[in-house]
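Asks: Protein chains in written order, with the working numbering: chain A, 8 to 301; chain B, 8 to 302; chain C, 31 to 254.
Any given hint might turn out to be false.
[Unchecked claim] Listed next, with one range per pair, are the computed distances between beta-carbon atoms:
1) C:Ala178 / B:Ser298: 19 to 29 angstroms
2) A:Ala199 / C:Arg105: 54 to 64 angstroms
3) C:Arg176 / B:Ala64: 14 to 24 angstroms
4) C:Arg92 / B:Glu178: 38 to 48 angstroms
5) C:Lys246 / B:Ala109: 28 to 38 angstroms
6) C:Arg245 / B:Gly115: 45 to 55 angstroms
7) B:Met195 / A:Tyr30: 53 to 63 angstroms
8) A:Leu185 / B:Glu178: 36 to 46 angstroms
9) B:Pro149 / A:Gln15: 51 to 61 angstroms
10) A:Ala121 / B:Pro149: 46 to 56 angstroms
11) C:Arg176 / B:Val297: 19 to 29 angstroms
12) B:Pro30 / C:Arg92: 52 to 62 angstroms
13) C:Ala111 / B:Glu178: 44 to 54 angstroms
These aren't lab readings, by the way, just hints derived from the structure by calculation. Bear in mind that the values here come from a model prediction, so they are computed numbers and not experimental data. Even for Gly, the Cβ is constructed at its ideal location relative to N, Cα and C.
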Amino acid sequence: MSTPNQPQTVAGLAAAHGKPEAYAYLDEDTKRNVRRAILKALAIPGWQVPFASREMPVARGWGSGGLQVTLSVVGPTDIVKVIDQGDDFSVNAVGMRNLISASAQCEATTSTPAATIIQSRHRIPDTDLRADQLLVLQVPHPEPLRRVVPDDVAALACHAERDYTPAWLDLYDAQARLGGPRTGADHPVLVAGARLMSPSPIPRHDVMRLNQRAHPILLGAGRRARLTALPPYTSVEPLAFDDRPLEPERPDGPCHRCGSSTSYRVPTDGAGVAALVWCCSDVDACGARVGAAE
Amino acid sequence: MMTANAFDGLADWTDGESLLPPPPLVSVRGVSHRFGPGCDRCVELTGEEAGTNRCHACGSVVAVHDASFEVGSREVLGVVGESGSGKTTLLRCLHLDLVPDAGSMVVGQQENMFQATAAHRELRRSTVVMVHQNALAAGLYPRLAAESNVAERLLGGGARAFTGIHARATELLSELGLQPERHTDALMTFSGGMQQRVQLARALVDPPQLLLLDEPTTGLDPSVQADLLDVVQRVTETLGSATVIVSHDLAVVRILASRIVVLHHGRIVEQGVSEQILEDPQHPYTQLLVSSRLT
Amino acid sequence: MIAQGAAAITVTDLSKRFGGAAPTGVLDAVNLIARGGTLSLIVGAPCSGKSTLVRCLTGVYRPDAGEVTFRLGARVLNLTAADPRTVAWMRSHRIASFDGQLAAAPRLPAAIVAARVAQRSRSAAVAALARFQAADLAPAPIGRLRTADRLTVALAAALLAERPFVVLDEPERSVDPDSLASSLKRAMDAGAAIIATGAPGSALESVATASGELRKGRIEWHKQ
Numbered sequence: 008m009s010t011p012n013q014p015q016t017v018a019g020l021a022a023a024h025g026k027p028e029a030y031a032y033l034d035e036d037t038k039r040n041v042r043r044a045i046l047k048a049l050a051i052p053g054w055q056v057p058f059a060s061r062e063m064p065v066a067r068g069w070g071s072g073g074l075q076v077t078l079s080v081v082g083p084t085d086i087v088k089v090i091d092q093g094d095d096f097s098v099n100a101v102g103m104r105n106l107i108s109a110s111a112q113c114e115a116t117t118s119t120p121a122a123t124i125i126q127s128r129h130r131i132p133d134t135d136l137r138a139d140q141l142l143v144l145q146v147p148h149p150e151p152l153r154r155v156v157p158d159d160v161a162a163l164a165c166h167a168e169r170d171y172t173p174a175w176l177d178l179y180d181a182q183a184r185l186g187g188p189r190t191g192a193d194h195p196v197l198v199a200g201a202r203l204m205s206p207s208p209i210p211r212h213d214v215m216r217l218n219q220r221a222h223p224i225l226l227g228a229g230r231r232a233r234l235t236a237l238p239p240y241t242s243v244e245p246l247a248f249d250d251r252p253l254e255p256e257r258p259d260g261p262c263h264r265c266g267s268s269t270s271y272r273v274p275t276d277g278a279g280v281a282a283l284v285w286c287c288s289d290v291d292a293c294g295a296r297v298g299a300a301e
Numbered sequence: 008m009m010t011a012n013a014f015d016g017l018a019d020w021t022d023g024e025s026l027l028p029p030p031p032l033v034s035v036r037g038v039s040h041r042f043g044p045g046c047d048r049c050v051e052l053t054g055e056e057a058g059t060n061r062c063h064a065c066g067s068v069v070a071v072h073d074a075s076f077e078v079g080s081r082e083v084l085g086v087v088g089e090s091g092s093g094k095t096t097l098l099r100c101l102h103l104d105l106v107p108d109a110g111s112m113v114v115g116q117q118e119n120m121f122q123a124t125a126a127h128r129e130l131r132r133s134t135v136v137m138v139h140q141n142a143l144a145a146g147l148y149p150r151l152a153a154e155s156n157v158a159e160r161l162l163g164g165g166a167r168a169f170t171g172i173h174a175r176a177t178e179l180l181s182e183l184g185l186q187p188e189r190h191t192d193a194l195m196t197f198s199g200g201m202q203q204r205v206q207l208a209r210a211l212v213d214p215p216q217l218l219l220l221d222e223p224t225t226g227l228d229p230s231v232q233a234d235l236l237d238v239v240q241r242v243t244e245t246l247g248s249a250t251v252i253v254s255h256d257l258a259v260v261r262i263l264a265s266r267i268v269v270l271h272h273g274r275i276v277e278q279g280v281s282e283q284i285l286e287d288p289q290h291p292y293t294q295l296l297v298s299s300r301l302t
Numbered sequence: 031m032i033a034q035g036a037a038a039i040t041v042t043d044l045s046k047r048f049g050g051a052a053p054t055g056v057l058d059a060v061n062l063i064a065r066g067g068t069l070s071l072i073v074g075a076p077c078s079g080k081s082t083l084v085r086c087l088t089g090v091y092r093p094d095a096g097e098v099t100f101r102l103g104a105r106v107l108n109l110t111a112a113d114p115r116t117v118a119w120m121r122s123h124r125i126a127s128f129d130g131q132l133a134a135a136p137r138l139p140a141a142i143v144a145a146r147v148a149q150r151s152r153s154a155a156v157a158a159l160a161r162f163q164a165a166d167l168a169p170a171p172i173g174r175l176r177t178a179d180r181l182t183v184a185l186a187a188a189l190l191a192e193r194p195f196v197v198l199d200e201p202e203r204s205v206d207p208d209s210l211a212s213s214l215k216r217a218m219d220a221g222a223a224i225i226a227t228g229a230p231g232s233a234l235e236s237v238a239t240a241s242g243e244l245r246k247g248r249i250e251w252h253k254q
């Protein structure tokens, strides 16, 4: 037993170690820090709020931020879905889903309508989410100005003054030389008409679906220790000239599995045919369509 | 098709015509700036009599002291001085890169530009434009297209329609002699003279109230320089801007500027009409400068 | 048309000397009044100070003593005491001067140079050059012209400018006397106050309202 003025001994710490783990993996102090950052981020949509990012059992840059967000808000009655570019069964998606459901003692699912929290890397589910669902996105590079501004200090000055000329300049240059923006994924967006934000490397097809959603979206960047958030019914517009709106990707054909021509499709192999075919990236939604057709 | 009499238009001026110029567009008063800790003897120990701009009591450099001048719309003021004269510091103050220790600058309706801290970036972009000796030092983007560098000022001003911006930028570049097929080439692929033209197009695209030219023709080949002088003169005349040109080349300053200010050890030692400075210099340092020209 | 006499150039006790022992270029308390609608001709031997006088009148030289005053209607300006910006403005808006110099970007065609100096149109400049039988100079880049032709362009520009005050240094050396005389007459008719210098025996004597000789730093008037 240590009195307030006596420091703890190693032996004392080791003896205390055998205690049960914190709920949902993270200790309460960390979760409080993350939650406070989330609240602040929701109050300032699109603003990057720093938080105390911890070491996680997933590599930095591979979802540690999104994972910390999920673990900070998950409860025992939640049903968690984790996808990686639309697929529930990538190695990291499986690992993170198991970690969350085991440490929070909650259910896991692959069905989008059934989930209460959906954590995703590089995609938004094709199925529109309801107001009672939460979307958590994994963000590798939260700073939308990183390619056009020399350092963080300059970027912060741009955000503070709401002066995004470097981003507009980059867009102009790409339009003049290439006929369109260079960004395949992670096209910057203007939140509430004022703040520039990186929406994470989701395809343009998804960037154009962020506007006025009924549910909140939280974006966690663990490596860079920043959180951004979009409360429900927030205006989110891709950065574009008035007369050059952003164009979504155009796949060459309908989905090989379900036949949809409106979903986001990617060239896939292993579909039982020799060449690459276009298949829905959102496996769950695709499967639901196939199931409904049968 | 010509008017028969050159003097027909004399009827235009009447008894009411003024003999004084209109109020200046740019008014600079008492600009002083020092690098270093400073002491109460700095001013006394530097300047003409002291023969230095460095205070030996505290080691500070009094880069500029009590510089004042006015420039009207469509007027060009030349600032002449050798290295260490303070002209670079003065230019940086005019370009709002540096807030001087003392002094004020009034441009048009903007009272004391040096105090407008919050909207500095905004002010600078719209009010003051600098054309540097070296386009890259001017803050242009070497890897972006020439037309993008020109468009930057329009984008900074809030223009959001690509077609209009593109048309204006390419129109200006063509007017200044850049071939259309090169408009999308990266700035760093252009020669020095061409980069200067891109800088001038940037100034033209959204005429500023104050145009600063920092050694715009220095380092260019003579024939390129001659070409550029024509363009620069045209620019200074068509924009309604007040222009300040800094150059050590008196011949260039004489052609472009109607008045010259001579800087030495951070002080303005003489100010006058260009022809007077060059033909009848009053101050010993001016006389030295003028007589040092190669003829 | 302005009222005759509304413009005037008044020179009072003007003195100028240059450093050094040589007595050339010295003006010693020169006095002169040139009214609107008149031509004051001042002749003198070479090195008598004619160019110096012209340059003192147009703000290029700073006199050592004395005043040069311009009057237009009710407005009066003491050029010698004026700040440089005012002097520069007067030189580009009110005073048409020719003193053997023309600094211009070498690639510019002569007509454009003249048009800019005079603040008139290019076609007016071409017409002005034609009046002095120099129309062929109009398209040539000014840097390529020989000195004499550059001076012709400079003089044509000064006369093209239509300003109330005209000060010319030895204009007869750069254009033929007849076209010069008719240009000056037209300027006088329009009310300009004109001062011109020349060599003794100048052809402008016949059109001059007043004439005198500059000797030993002072003007001796023959006709006033």
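Asks: Each hint: holds or not?
Replies: Results for each hint:
| no. | hint | in the structure |
| --- | --- | --- |
| 1 | C:Ala178 / B:Ser298: 19 to 29 angstroms | holds (27 angstroms) |
| 2 | A:Ala199 / C:Arg105: 54 to 64 angstroms | holds (59 angstroms) |
| 3 | C:Arg176 / B:Ala64: 14 to 24 angstroms | violated (58 angstroms) |
| 4 | C:Arg92 / B:Glu178: 38 to 48 angstroms | holds (46 angstroms) |
| 5 | C:Lys246 / B:Ala109: 28 to 38 angstroms | violated (51 angstroms) |
| 6 | C:Arg245 / B:Gly115: 45 to 55 angstroms | holds (52 angstroms) |
| 7 | B:Met195 / A:Tyr30: 53 to 63 angstroms | holds (57 angstroms) |
| 8 | A:Leu185 / B:Glu178: 36 to 46 angstroms | violated (22 angstroms) |
| 9 | B:Pro149 / A:Gln15: 51 to 61 angstroms | holds (58 angstroms) |
| 10 | A:Ala121 / B:Pro149: 46 to 56 angstroms | holds (54 angstroms) |
| 11 | C:Arg176 / B:Val297: 19 to 29 angstroms | holds (25 angstroms) |
| 12 | B:Pro30 / C:Arg92: 52 to 62 angstroms | violated (25 angstroms) |
| 13 | C:Ala111 / B:Glu178: 44 to 54 angstroms | holds (47 angstroms) |
Figure legend: structure checked against the earlier numbered hints; hints not met, in rising order: 3, 5, 8 and 12.
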